[in-house]
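Using the sequences and the hints, build the whole thing.
Each chain, letter by letter, is given below.
There are 2 protein chains.
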Amino acid sequence: MSKIIDLSAPLYDGAPGMAMDPKISISWHCTLETLGYNLSRLVTSLHQGTHMDAQRHFYNDGETIDKLPLEHCVVKAVRLDLTKKTPDTPITPEDLKPVEKYIDQGCSVLLHTGWDKKFPDPSFFSGFPYVSKELADWFVEKKITLVGMDIPTPNGYDWKYVHVKMLGQRIVIVEGLAQLEQLPPDTVFTFFSLPLKLEGRDGSPVRAIALLD
Amino acid sequence: MSKIIDLSAPLYDGAPGMAMDPKISISWHCTLETLGYNLSRLVTSLHQGTHMDAQRHFYNDGETIDKLPLEHCVVKAVRLDLTKKTPDTPITPEDLKPVEKYIDQGCSVLLHTGWDKKFPDPSFFSGFPYVSKELADWFVEKKITLVGMDIPTPNGYDWKYVHVKMLGQRIVIVEGLAQLEQLPPDTVFTFFSLPLKLEGRDGSPVRAIALLD
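Protein chains in written order, with our numbering: chain A, 386 to 598; chain S, 386 to 598.
Careful: at least some of the hints might be erroneous.
Copies of the same chain look alike in the list, so a pair counts if it fits in one copy or across any two.
Here are the computed lysine-lysine pairs in the DSS-like style, where the Cα-Cα straight-line distance is at most 30 Å [claimed, not checked]: (1) K388 - K461; (2) K461 - K482; (3) K452 - K502; (4) K503 - K452; (5) K486 - K388; (6) K452 - K388; (7) K469 - K528.
It is worth saying that the hints were derived from the structure and are not from the lab.
It should be emphasised that the depicted structure is a prediction, and the values quoted were computed from it without experimental measurement.
Structure, rendered in structure tokens:
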């Protein structure tokens, strides 16, 4: 059996999220003492923690998360080391050079900035290196299947341009990944990001993993 | 790449659940028109639809869903055809004979009753063929890793016995699977049931899939 690597951030009552999003809340609906079993109730944004976006997030007539082909959620991928990027600077097509050959062979990419280490500090949600408009265009040009990242959103400034461009071309965007340093460099792995089957919806929290041969 | 088979039931606003559980509700927190993007808020039991149980569901000091080793969530498994079972009758160790050799080789099992076809009718939640106390004991004896099923809970009568026995031995229980008929008979596949990383909690909804070579 392959080695399984967990690439997900924790979900818990009161965990921080994007400022405008509904707050996550998890409470005990019943317990061993009341009904004979413990069972929790979860309230969450569909974009809390490690999650993926559907086209519907930015298109009223867009593909919803339950319709996303699972072949776009289980992909060959490589990690790109961006841990030397300065905070609050754009990630450009030039930065992607080290993994371009893999992308040209059909691989997806996980952008490893190391920014996840700031979570759960509020500073996690701003000032991160970000996907430039040029890089969003480049991903479209390369017809990449999926782009994952350990930042909370691809770009805090030109967020509309980047999402509309990438989602418009059905590029799967996985945000809020964690612990990407566990993935070896220059190695193709299988990345799994399986959304809950939420009918008609705009995204889903996921438990993202990599399988290493 | 292997063939991916979706084994999950849909999640949607107002979908039926177990009578005592919190009701699932999904609504638009904001839209393209209000904040420039569509984003939903989900309220759900952690045991809605296709989901898995952690030991914590029946043990106050039990292992929580975020601590479940992922090696127990990605397993070799076979499907057992139980579609000829009469409603409201026990599934016994005798019924498991056709797949015993696979279980003895370390495989997990998915119990295919076909009961998922009743969803979302309220009749889905009662009257199903169920895991007998003897079968729960047999699973423990066989040291099986995971048992999946297309019924809403293993046993509606002796629910405490069956859960306590199986979870006590760290057997992963996946409930509410769907469309198991897509899996070929007498074939080992890889089953994925990856829980959200919900710290300190009793279960998780999942997108369950099988990979067929």
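*Give me the numbers of the hints this structure contradicts, sorted from smallest to largest.*
Hint check: nothing fails, all pass.
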